[in-house]
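Here are the chains, one letter per residue:
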Amino acid sequence: MRTNSFLGILWHTIFILTVFILIFPIIFALGTSFKPLQEVYNNVLNIIPIAPTFDNYIGLFERLPMIQITMNTFTIATVVTIMKMLISFLAAYAFVYFDFKGKKFIYFIFIASIFIPFTVTMIPNYLIMSSWGLADSIFGVILPQISDAIGILLINQTMRSIPFSLIESARIDNISHSRIMIDIILPLIRPQLMSTGIWFFVNSWNEFVWPSLMLKSVDSYTLPLALQMFISAEGGTDLSVAMAVSIVTMIIPLLLYLVFQKYIIGTFTASGIK
Amino acid sequence: MRTNSFLGILWHTIFILTVFILIFPIIFALGTSFKPLQEVYNNVLNIIPIAPTFDNYIGLFERLPMIQITMNTFTIATVVTIMKMLISFLAAYAFVYFDFKGKKFIYFIFIASIFIPFTVTMIPNYLIMSSWGLADSIFGVILPQISDAIGILLINQTMRSIPFSLIESARIDNISHSRIMIDIILPLIRPQLMSTGIWFFVNSWNEFVWPSLMLKSVDSYTLPLALQMFISAEGGTDLSVAMAVSIVTMIIPLLLYLVFQKYIIGTFTASGIK
Amino acid sequence: MKGIEFKNVKKAYGDTTIIENLNLKIHEGERLILLGPSGCGKSTMLRMIAGFEKITDGDLYMNANMVNEVPSGKRNVAMVFQNYALYPHMTAEENITYGLRRNKVNKQEIKRRLDSVVETLLLEPYLKRKPKDLSGGQRQRVALARAVVKESNFFLLDEPLSNLDAQLRVSARKELMNIHHTFKQTMVYVTHDQIEAMTFGERIALMNKGELQMLDTPENVYNRPVNIFTAKFIGSPPTNIMDMVYDNGKAIIGNQSFTFDTKWVKHIEASNATDFVFGIRPEHLQISKSPLENALKGKVKYVENQGDQYAVFIDMANSEVIAMSNSKDWNTDEVIFVQPMADHIHIFDKATTNSIGYPGV
Amino acid sequence: MKGIEFKNVKKAYGDTTIIENLNLKIHEGERLILLGPSGCGKSTMLRMIAGFEKITDGDLYMNANMVNEVPSGKRNVAMVFQNYALYPHMTAEENITYGLRRNKVNKQEIKRRLDSVVETLLLEPYLKRKPKDLSGGQRQRVALARAVVKESNFFLLDEPLSNLDAQLRVSARKELMNIHHTFKQTMVYVTHDQIEAMTFGERIALMNKGELQMLDTPENVYNRPVNIFTAKFIGSPPTNIMDMVYDNGKAIIGNQSFTFDTKWVKHIEASNATDFVFGIRPEHLQISKSPLENALKGKVKYVENQGDQYAVFIDMANSEVIAMSNSKDWNTDEVIFVQPMADHIHIFDKATTNSIGYPGV
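Residue numbers (full-length UniProt numbering), protein chains in the order written: chain A, 1 to 274; chain B, 1 to 274; chain C, 1 to 361; chain D, 1 to 361.
Only chain A is shown next, with the shape it has when bound in the complex (with noise of 0.2 Å):
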């Protein structure tokens, strides 16, 4: 559709700035965490450093176990995001492919739990992992965020586009279930199912209050319980080396994101976004 052209320079501006909102905290972040202590507090806004270092990131390395750190959120995440995807990919496909009692209020009851704050769960899952021996644990960490039904909606959603009649022809050729999952509905919803896993990811990896509650040792720590540390350290904060873990905490978001681009320009294009 074709649009005139003072709707189109409003949109136009419209995008513009949304984009740079998006992008410049980025930009931001980068810049400085490459500058000295000092010049943070002198320079706030001008985003190149004067005098680049990688101190921030020497200091960083030396002071926390940072590798470890790493590997710890990168397991948490990829655990968490491999069992939600799995469980909602099963329920989805009985709430979509087969009819049983109760369907409809256990649904019911799936959907009600995503408006349940987390802050409700979040303790009494506190009391269930430590007496289970997981505190301080990772797996303590992942346990509680695998039941999630967000992800049972956006597949149930994208399940759903699927003709049912593929699925009739499937089973008048006694293909079972699982080979249907496997064979057909697997592939055609994969770039969908690519995306809600990253996004999965990502908010694993971003989580702060959950793994703050489960994990005291430095040792089993994530990248945002690091970059905690020096924002709120007791000294003040320590905005540069806090800059310097943003960056270490975009690192694996940014890469997956590279290497998965293909799946996820697959999801919108064939959504229709030309």
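The hints are simulated quantities; they were obtained by calculation from the structure and are not laboratory data.
Treat the numbers as computed from the prediction; the structure is a model and nothing was measured.
Among the clues, some could well be false.
Okay, derived cross-link-like pairs now, BS3-like style, lysine-lysine, Cα gap no bigger than 27 Å in a straight line [said to hold, decoys possible]:
| # | chain 1 | residue 1 | chain 2 | residue 2 |
| --- | --- | --- | --- | --- |
| 1 | A | K101 | C | K74 |
| 2 | D | K289 | D | K301 |
| 3 | C | K130 | A | K262 |
| 4 | C | K54 | A | K103 |
| 5 | C | K174 | D | K184 |
| 6 | D | K10 | B | K101 |
| 7 | B | K101 | D | K54 |
| 8 | B | K103 | D | K10 |
| 9 | D | K130 | A | K104 |
| 10 | D | K128 | B | K262 |
| 11 | C | K10 | A | K103 |
| 12 | C | K328 | D | K174 |
| 13 | C | K184 | D | K54 |
| 14 | C | K297 | D | K174 |
| 15 | D | K74 | D | K10 |
| 16 | D | K132 | A | K103 |
| 17 | D | K301 | C | K328 |
| 18 | A | K101 | B | K262 |
| 19 | D | K184 | C | K232 |
| 20 | C | K184 | D | K10 |
| 21 | C | K10 | A | K101 |
| 22 | A | K104 | D | K132 |
| 23 | D | K328 | C | K263 |
| 24 | A | K216 | B | K101 |
| 25 | B | K104 | C | K174 |
| 26 | B | K101 | D | K74 |
| 27 | C | K301 | D | K10 |
| 28 | A | K103 | B | K262 |
| 29 | B | K103 | C | K132 |
| 30 | C | K299 | D | K174 |
| 31 | C | K301 | D | K174 |
| 32 | C | K74 | B | K104 |
With the hints as your guide, set chains B, C and D onto chain A.
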């Protein structure tokens, strides 16, 4: 589609377990919030309090301006939700119904931004808000939360399910785009819009890290910050009061859910769940 | 019996009954058409045979076995879906062989069946393409091929030609016919298109509102409709239907009359009906500007070009009657003579809407 | 001129050219059919008139004004979409009046137009219903009503009957005809269905691959096709096409010959073509078991029941020829005599595929 009995039992087991995992913490929180402190530790996993008491709630409201805190949280969540919905709606409309130069590129940036950890943008945002004099203000909490491309993505997907010919039919009748949005698009995607909105609201309601960075005085606190006070209180964890905060935190989302239940159910019946 | 049999079958969704009580025998190896307007239950019947819909009451037999509880995959049924239901991520070849491969048919056998069907349906150039790179007709053939390679006893087709344009339908029908000649499956073919039904069916089961209206050969369905619904549903333009009063060897239609021959007089007088309906197909009305023997008079309303013939819409006895003509020279409001051909008259009992039958048959 | 005119119009999406160079005049107040197989560009043409597609090159005139840059809403065009495009959340009445209300037409005028269209299309009982509570035919009428109330000069229809079943199409066509008689809009009607084209069109523009094949009345398109494509596209079963060699007053077809009458002989000898193609419609082939004058011999392959007639598929001169017959008594492999009716022959130039015209025309 009919399910054979083995699969049937399997699904039911998975579902009942999941529902239990989702529901149990809420019941636990409710029970604990009515327990005297000593009972909390002696009697951890017994849900029903032996000697129920309102003391936790009374103490809570005496120690903190809970009405003010709830209002803060509500204001933030409401404004964030409305702004995000509005921007997402307009942007999604532009992406779906207009062709403009750089459309693909801009969409790509938007999607990429979803995968950038919040921790990266947090401190730059903090500095910007501070320099605008919005530190310790709920507006400082609100502003950076508004730029979130996930809304565009979700609404974009829903909008594309509307046949293009509806828009063309209106265009040939000389209806303006703003009228089309209000008269046609909005009513048709209202249920999905509602769900997305509620989800945004609850996410903002739960947000801890960003408000904790911005808000310093107890009067400007949000509920998750209040909760945190009793979890990581210097004198150790005051679990029963924390649970009382949890329950208070849950009230508004629960009310919201009940009020908009009709629409939420609508969304999922419209999407084929019978 | 071999073949398929519906015995007192009922199908309801909750309180909505689609089919009340259906009895139907489909012979082994025949091409049976399930024909009817949308919502008549024909697709539901096909889906019950396929095992996609549970039977609410009654029994369904396939090859003499009661299959009410037999799952789809165990019924040895092949099906062509209306939307073809091709797997979008598989090539034509993968689509065709997928079921065989997963059911562990051995490789030589898969190759043999694939080669055979590819040859019959001329699919060679398209085997490596995905459905999105195929035209509508090519997709339809791939869907057909996928069903054929199963070499099942039962072959179900759900409006398989409805997404093809007119030219392609003719050749697709021919291909289907070839397939049936080769494999002699029991074919059940759902359509709402009477031309498809007439050309492809050995027998037609005409359905309406969940009830079987007529089950017979295309010739009989066309020439000897058992009730008004059948007479009107089959044929385009549809059979003309007029109320008539029988009076002493004559049909009084409006204020005109038509004299029956003796065979019809005997037949009508022998029937139990009291009120009658007169039916005649447009192609069995002769029209003329000059008087015709035993004809009714009517006024031309307008003429519709049908390509090889013209449909003349005539105002006659307070109803609209259509006659086919090779000429288009009929003027609006001109009074013409309309002569029903005596051998092609249909008489129905107005109360039951059933045909009173035909003299000497 | 009034009406619509395409002048050297080109339409391309990136590198894909849909229409190369189109010139077409649509007269004011006529019913023009855009007919052709899918992908021929007919829908693109309609969408260019509606203003949904930008014109890549050339000019489009409506009522003598160049409208290349005029937006949809300013073209005073009403349109009926293939999927009807009814607003699902509005009742039938709201759907019909929405455009008028938003364009601030006054209330009495809206009421007048609504009442009039509701009466014409018998929509009274459905006004308060939403689209999902209407049948396909009712939806189609609501969509029609919504377009009619605009009282536009231009009325575009994009396969408006394609979602209706055969019985409903006849009555929907009659309604459309009524509407045109009342409002005399310039109607542009896209379809791939030749029966619709023949019955509804005053002129037919037959398109193929973005090129206009023929623009003429239904009679001429049927009886005087200008090229092989037109001859084969119009008519079902399609026109029989056979290679022929002209030899001294005779057509040599395979190893048989057919003698032309003197008119044709003169005409063929006057043409520039060197190689010829012989065309004859199935209904213009007389067939017989006993010898016929000036006939070719062929072998019956099979017979297809078409309801009122039978299509006899004949193996003749190495190609398949179809003839229509009132009888079904033709045995497979039987040798029969096939006589083309001299008045209905079509001769094409093999090189250009164009008709060489008709003698004395």
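Do the hints match the structure? See the list:
1. With a C-alpha separation of about 25 Å, the suggested pair K101 (chain A) and K74 (chain C) falls inside the 27 Å cut-off, and the hint holds.
2. This hinted pair checks out: K289 (chain D) and K301 (chain D) have alpha carbons roughly 14 Å apart, not beyond 27 Å.
3. As the CA atoms of K130 (chain C) and K262 (chain A) are separated by approximately 20 Å, the hinted pair is consistent with the 27 Å bound.
4. Taken as a hint, the K54 (chain C) and K103 (chain A) pair is honoured in the structure, with Cα atoms around 18 Å apart against an allowance of 27 Å.
5. Distance hint between K174 (chain C) and K184 (chain D) is unfulfilled; the C-alpha atoms sit about 43 Å from each other, more than 27 Å.
6. Of the supplied pair hints, the one linking K10 (chain D) and K101 (chain B) holds, its CA atoms being roughly 23 Å apart against a limit of 27 Å.
7. Between K101 (chain B) and K54 (chain D), the direct Cα distance comes to roughly 16 Å. Compliance with the 27 Å bound is thereby established for this hinted pair.
8. Only pairs whose Cα atoms come within 27 Å are accepted, and K103 (chain B) paired with K10 (chain D) is accepted, the gap being roughly 26 Å.
9. Distance check on the hinted pair: K130 (chain D) and K104 (chain A) sit about 26 Å apart at the alpha-carbon level, within 27 Å; holds.
10. Restraint check: the Cα-Cα separation between K128 (chain D) and K262 (chain B) comes to about 23 Å, which is no more than 27 Å; the hinted pair holds.
11. Taking the CA atoms of K10 (chain C) and K103 (chain A), the gap is near 25 Å; set against the 27 Å cutoff, the hint holds.
12. Restraint check: the Cα-Cα separation between K328 (chain C) and K174 (chain D) comes to about 18 Å, which is no more than 27 Å; the hinted pair holds.
13. Straight-line distance between C-alpha atoms of K184 (chain C) and K54 (chain D) comes to about 53 Å, which puts the hinted pair past the 27 Å bound.
14. Restraint check: the Cα-Cα separation between K297 (chain C) and K174 (chain D) comes to about 23 Å, which is no more than 27 Å; the hinted pair holds.
15. With a CA separation close to 22 Å, the supplied pair K74 (chain D) and K10 (chain D) stays within the 27 Å bound.
16. A distance of roughly 25 Å separates the Cα atoms of K132 (chain D) and K103 (chain A); the hinted pair therefore holds under the 27 Å criterion.
17. For the proposed pair K301 (chain D) and K328 (chain C), the alpha carbon gap of about 34 Å is over 27 Å, so the pair is violated.
18. A hinted pair counts as satisfied when its Cα atoms are at most 27 Å apart, and K101 (chain A) with K262 (chain B) qualifies at roughly 22 Å.
19. About 32 Å separates the Cα atoms of K184 (chain D) and K232 (chain C), which puts this hinted pair outside 27 Å; it is violated.
20. A C-alpha spacing of about 51 Å is found between K184 (chain C) and K10 (chain D), which places the hinted pair above 27 Å, so the restraint is violated.
21. The straight-line distance between the Cα atoms of K10 (chain C) and K101 (chain A) is roughly 22 Å, inside the 27 Å bound, and the hint therefore holds.
22. Between K104 (chain A) and K132 (chain D) the alpha-carbon distance is near 23 Å, which keeps this suggested pair within the 27 Å criterion.
23. Taking the CA atoms of K328 (chain D) and K263 (chain C), the gap is near 26 Å; set against the 27 Å cutoff, the hint holds.
24. For the hint pairing K216 (chain A) with K101 (chain B), the CA-to-CA distance comes to about 51 Å; that exceeds 27 Å, so the pair is violated.
25. For the proposed pair K104 (chain B) and K174 (chain C), the alpha carbon gap of about 47 Å is over 27 Å, so the pair is violated.
26. Proximity of K101 (chain B) to K74 (chain D) is assessed by CA-CA distance (about 25 Å); at most 27 Å being required, the pair is judged to hold.
27. Pair hint K301 (chain C) plus K10 (chain D) does not hold up; C-alpha atoms about 43 Å apart against a cutoff of 27 Å.
28. Of the pairs offered as hints, the one joining K103 (chain A) and K262 (chain B) holds, with about 18 Å between alpha carbons and a cut-off of 27 Å not exceeded.
29. Distance check on the hinted pair: K103 (chain B) and K132 (chain C) sit about 25 Å apart at the alpha-carbon level, within 27 Å; holds.
30. Distance hint between K299 (chain C) and K174 (chain D) is fulfilled; the C-alpha atoms sit about 18 Å from each other, no more than 27 Å.
31. For the proposed pair K301 (chain C) and K174 (chain D), the alpha carbon gap of about 12 Å is at most 27 Å, so the pair holds.
32. Restraint check for K74 (chain C) and K104 (chain B): not satisfied, since their Cα atoms lie roughly 48 Å apart, outside the 27 Å limit.
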